[in-house]
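First to last, the sequence lines map onto chains P and D. Throughout the first sequence, residue numbering follows our numbering, covering -12 to 208 in sequence. Throughout the second sequence, residue numbering follows our numbering, covering 5 to 140 in sequence.
There's no promise every hint is true.
Unchecked claim - Simulated pairs of lysine-lysine, BS3-like, Cα-Cα distance not exceeding 25 Å:
#1 Lys75/P to Lys22/D
#2 Lys54/D to Lys44/P
#3 Lys178/P to Lys75/P
#4 Lys22/D to Lys83/D
#5 Lys178/P to Lys22/D
#6 Lys83/D to Lys178/P
To be verified - Not the full set, but computed from the structure, chain P residues with beta-carbon under 7 Å of chain D:
#7 Ser6
#8 Trp13
#9 Phe27
#10 Leu49
#11 Leu53
#12 Thr56
#13 Val58
#14 Leu60
#15 Gly67
#16 His167
#17 His189
#18 Leu204
#19 Ala207
#20 Leu208
To be clear, the hints were calculated from the coordinates, so they are not data collected in a lab. Beta carbons are placed, not taken as given, at the ideal position from N, Cα and C, and that holds for glycine.
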Amino acid sequence: MSPTMIKTAQAEGHHDEGSTRLFGFWIYILQDLFLFATFFANFAVFSSAYSSGAAPKEFIDLGFVLGETFVLLISSITYGFAMIAVGKNNLSATRLWLCVTFLLGVSFISMELYEFHHLFAEGAPYLRDAQGNIIPYVNGIDDGKGGGIAAYWSAFFSLVGLHGLHVTAGLVVMVCMFVHLGMHGLTARNKARLGCLSLFWHFLDIVWIGVFTAVYLLGAL
Amino acid sequence: MIGRIHTAQRTHGVTVAKYLIGFVVSVILTLAAFIPVMHNWVADWSSSAKVLYLLGLALVQMMVQITFFLHLTDGPDAKYNIITMWAAIVCVFIIIAGTWWVMWHLNYQVMGGAGRIEQSDVIYPANAAPAAAQTQ
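When you get a sec, could you build the whole thing from the sequences and use the hints?
Okay, here's the thing in structure tokens:
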């Protein structure tokens, strides 16, 4: 095929199956962004509604969050290296970088789960009485497990947890990609799938910028 | 055949250098946001200056990652990628800023003494009078 023919194909706006899938997936990402926007709006409205519960400032460990941020950022660039390997049709390098990305994603989720567990163990989300003791009633119903949760902490776990659920979904898809690559190698369809996952993974890193700024940095001021 | 050459051309723009630049700039912007807050360097700033500084850094880093990691301008759908992205950004702005604006006003006007506003100048116009006199 001559260069002129390639140019003509591009000028006609030629769409192969992969690029159509990628555009469709981009539309999905943008509507997923609306979901995150509603959770961010919810968090902004309740950002000082901790009522008689603890203020976030006492519990936010910025060093730990910085660690989480770097794990996610590095996983973003290792996925980029995987996509470069895809472009070079190098299956083993693709697998290697995907593997590194997967392990970093698992570390991020583990850190987040540890943080959530730590917050509940410290009793951060619960409403307290004047002496600082956790109030054992929720709307007059004693469930025997502890008190009500302040609106702030509800919004906190919704927003951070929604992002964590998305990362977990990305990890599940990554496991599926290992199976696809093992069965068929770097076919056009698998390349399109990896391209979609690439958009998803980088999108999650971009959303995390919003999360660490709105939730952790502004919360620690 | 056309598809294969096309794919090869599209991935041509994806280079190690582009990812590394995006990564290094992101690291710098992340540290620029975290370190001043962690070491309390911004303690003397007004709260609106702190919020503007942090939100500004976040917006810049989002733009950097969109530019260097997402590769929206590669491929045949570049124009539609960008158009749909801006449409979504406008919607996101309306959702977040609109919600915050409406809820702030509801809190201010409706909650009266029970909400975060201790004394509303709508209910107690006398409180607003000195401030109004100063501005005149």
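How the hints compare with the structure:
Distance restraint check for Lys75/P and Lys22/D: the Cα-Cα separation of roughly 16 Å lies within the 25 Å cut-off, and the hinted pair is therefore satisfied. Using a Cα cut-off of 25 Å, the hinted pair Lys54/D and Lys44/P holds, with the two alpha carbons roughly 15 Å apart. For the hint pairing Lys178/P with Lys75/P, the CA-to-CA distance comes to about 11 Å; that is within 25 Å, so the pair holds. Restraint check for Lys22/D and Lys83/D: the C-alpha separation of about 21 Å stays at or below 25 Å, so the hint holds.
About 20 Å separates the Cα atoms of Lys178/P and Lys22/D, which keeps this hinted pair within 25 Å; it holds. Annotation: proposed proximity of Lys83/D to Lys178/P holds, straight-line Cα distance about 22 Å (limit 25 Å). A cut of 7 Å between beta carbons decides the hint on Ser6/P: the least distance to chain D is about 5 Å, and the hint holds. Because the smallest distance between the Cβ of Trp13/P and any Cβ of chain D comes to about 6 Å, under 7 Å, the interface hint for this residue holds.
The restraint placing Phe27/P at the interface with chain D holds, with a minimum CB-CB distance near 5 Å, inside the 7 Å limit. Taking 7 Å as the C-beta contact cut-off toward chain D, the hint placing Leu49/P at the interface holds, the least distance being around 5 Å. At about 5 Å, the closest approach between the beta carbon of Leu53/P and any beta carbon in chain D falls short of 7 Å, and the interface hint on this residue holds. This hint holds: Thr56/P has a C-beta 6 Å from the nearest C-beta of chain D, less than the 7 Å allowed.
Because the smallest distance between the Cβ of Val58/P and any Cβ of chain D comes to about 12 Å, over 7 Å, the interface hint for this residue is violated. The criterion of a C-beta within 7 Å of any C-beta in chain D is met by Leu60/P, whose closest approach is roughly 6 Å, and the hint holds. A least Cβ separation of about 4 Å between Gly67/P and chain D falls short of the 7 Å threshold, and the interface hint therefore holds. Hint status for His167/P relative to chain D: violated, with the closest Cβ pair at about 17 Å, above 7 Å.
Taking 7 Å as the C-beta cut-off, the interface hint given for His189/P holds, the closest approach to chain D being about 4 Å. For the restraint placing Leu204/P at the interface with chain D, the shortest Cβ-Cβ distance is roughly 5 Å, inside the 7 Å limit, so the hint holds. Among the interface hints, the one on Ala207/P holds; its C-beta lies about 6 Å from the nearest C-beta in chain D, closer than the 7 Å criterion. With its C-beta approaching chain D no nearer than about 6 Å, Leu208/P sits inside the 7 Å limit, and its interface hint holds.
Of the numbered hints stated above, those contradicted by the structure are hints 13 and 16, listed in ascending order.
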